[in-house]
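**Student:** All chains should be modelled from the sequences, with the hints used to inform the complete structure.
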Amino acid sequence: MSFEKKLALVTGSGRGIGRAIALKLASQGADIIVNFFRRRETAEQTAKDIQALGVKAEVIRANVGDLAKIDEMFDIIGNKFGRLDILINNAASGVGRSVMDIDVKAWEWTMDINVRACLLCAQRAAKLMEGRGGKIVSISSLGSFLVWPTYAIVGVSKAALEALTRYLAIELAPRGICVNAVAASFVETEALKFYFDEALNKDNLPVTPAGRMVTTEDVAKVVAFLCSEEAFMIRGQTIIVDGGFSVSSPLVSFKKKD
Amino acid sequence: MTVEEQVREIVAKITHVDKGIITRGSTFKEIKADSLDVVQALVAVEETFGIEIPDEDAQKFQNFGDFVSYVESRVAQVEKV
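Top to bottom, those sequences are chains S and F. The first sequence maps to residues 0 to 257 in numbering that gives the first Met the number 0. The second sequence maps to residues 0 to 80 in numbering that gives the first Met the number 0.
Keep in mind that the hints were calculated from the coordinates and are not lab data. In this text, all values refer to a predicted model and were calculated from it rather than measured experimentally. There could be a bad hint or two in this list.
[Said to hold, decoys possible] Below are the DSS-like pairs computed for lysine-lysine, each with C-alpha atoms no more than 27 Å apart in a straight line:
no.: 1; chain 1: S; residue 1: LYS104; chain 2: F; residue 2: LYS28
no.: 2; chain 1: S; residue 1: LYS104; chain 2: F; residue 2: LYS59
no.: 3; chain 1: F; residue 1: LYS59; chain 2: F; residue 2: LYS79
no.: 4; chain 1: F; residue 1: LYS12; chain 2: S; residue 2: LYS68
no.: 5; chain 1: F; residue 1: LYS12; chain 2: S; residue 2: LYS47
no.: 6; chain 1: F; residue 1: LYS31; chain 2: S; residue 2: LYS104
no.: 7; chain 1: F; residue 1: LYS12; chain 2: S; residue 2: LYS104
**Tutor:** Below, the structure is given as structure tokens:
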């Protein structure tokens, strides 16, 4: 796989899964636009690490939950590069609440960032991908169909994102754009600590049948594959990266034999 | 309106509390601001004053007074430039 001369925008790529995806695509030759919202230092560090791989990196701050900021970001990309080959909808947010505590503000905040932004970014990206055969990959979560404590809003937003992925895949296919999603189970990131700090610690994190937790690199490898021509015939799918977690029975222990 | 008054108005509007109860010593918990309220207040203040407040800095705020002092110093820097 080579992404030489390709330009990729990875939203929310200062840290966690987004950073791993940005570095993976960069390691295969892509120039990267590092988008961030709240933490400039980590975004600048990701850009430095990308440049160290011998490709270009551009940092753009934008809250993708804000329509005007999405427009500003794509105006910068359009004016500076005039093209885009890969869009990774990775930026996500959410408010950890049980269903009875969800209010409109928390709902709209989460939906605007986790779903609406993916639609708006895809619309703008598709225009910059015209005649280039672009790739769009969105990052989902097993919480789209599994129920986790206080994860309701995010889970619902991810279910909507997966549905959006199918619609985008079909409607953008005539433009030569491939659209898919990747859903991971528990990945050790700051976001995991944010949602599950009290419920999970290193000792009781669920072990997967594969014998370990999913890493950010595991997710990045699959995203890179979906961005490659080898994945050309995969459209509108949500690829699950969970070491077998979601298809395993809770009655069976997966602890490794010593 | 001073910087402090403007920040107080923004925070009161987002958290739906009477701005009269927000003093420099008030913690975000006392103002009943959850994590989403805090982020939305930061964003609103950024847009009002044309500054950027990274989370790395915001995490150091112990109370409303710390927030105001930070915004005041950033606004002063912008005015110098």
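**Student:** Each hint: holds or not?
**Tutor:** Hints versus structure:
1. LYS104/S - LYS28/F: holds (18 Å)
2. LYS104/S - LYS59/F: holds (25 Å)
3. LYS59/F - LYS79/F: With Cα atoms ~24 Å apart, LYS59/F and LYS79/F stay inside 27 Å; holds.
4. LYS12/F - LYS68/S: Given that 27 Å is the threshold and the Cα spacing comes to 22 Å, the pair holds.
5. LYS12/F - LYS47/S: Given pair LYS12/F, LYS47/S is violated - Cα atoms ~39 Å apart, limit 27 Å.
6. LYS31/F - LYS104/S: holds (15 Å)
7. LYS12/F - LYS104/S: holds (13 Å)
Violated hints amount to a single one, hint 5; each of the other numbered hints is respected by the structure.
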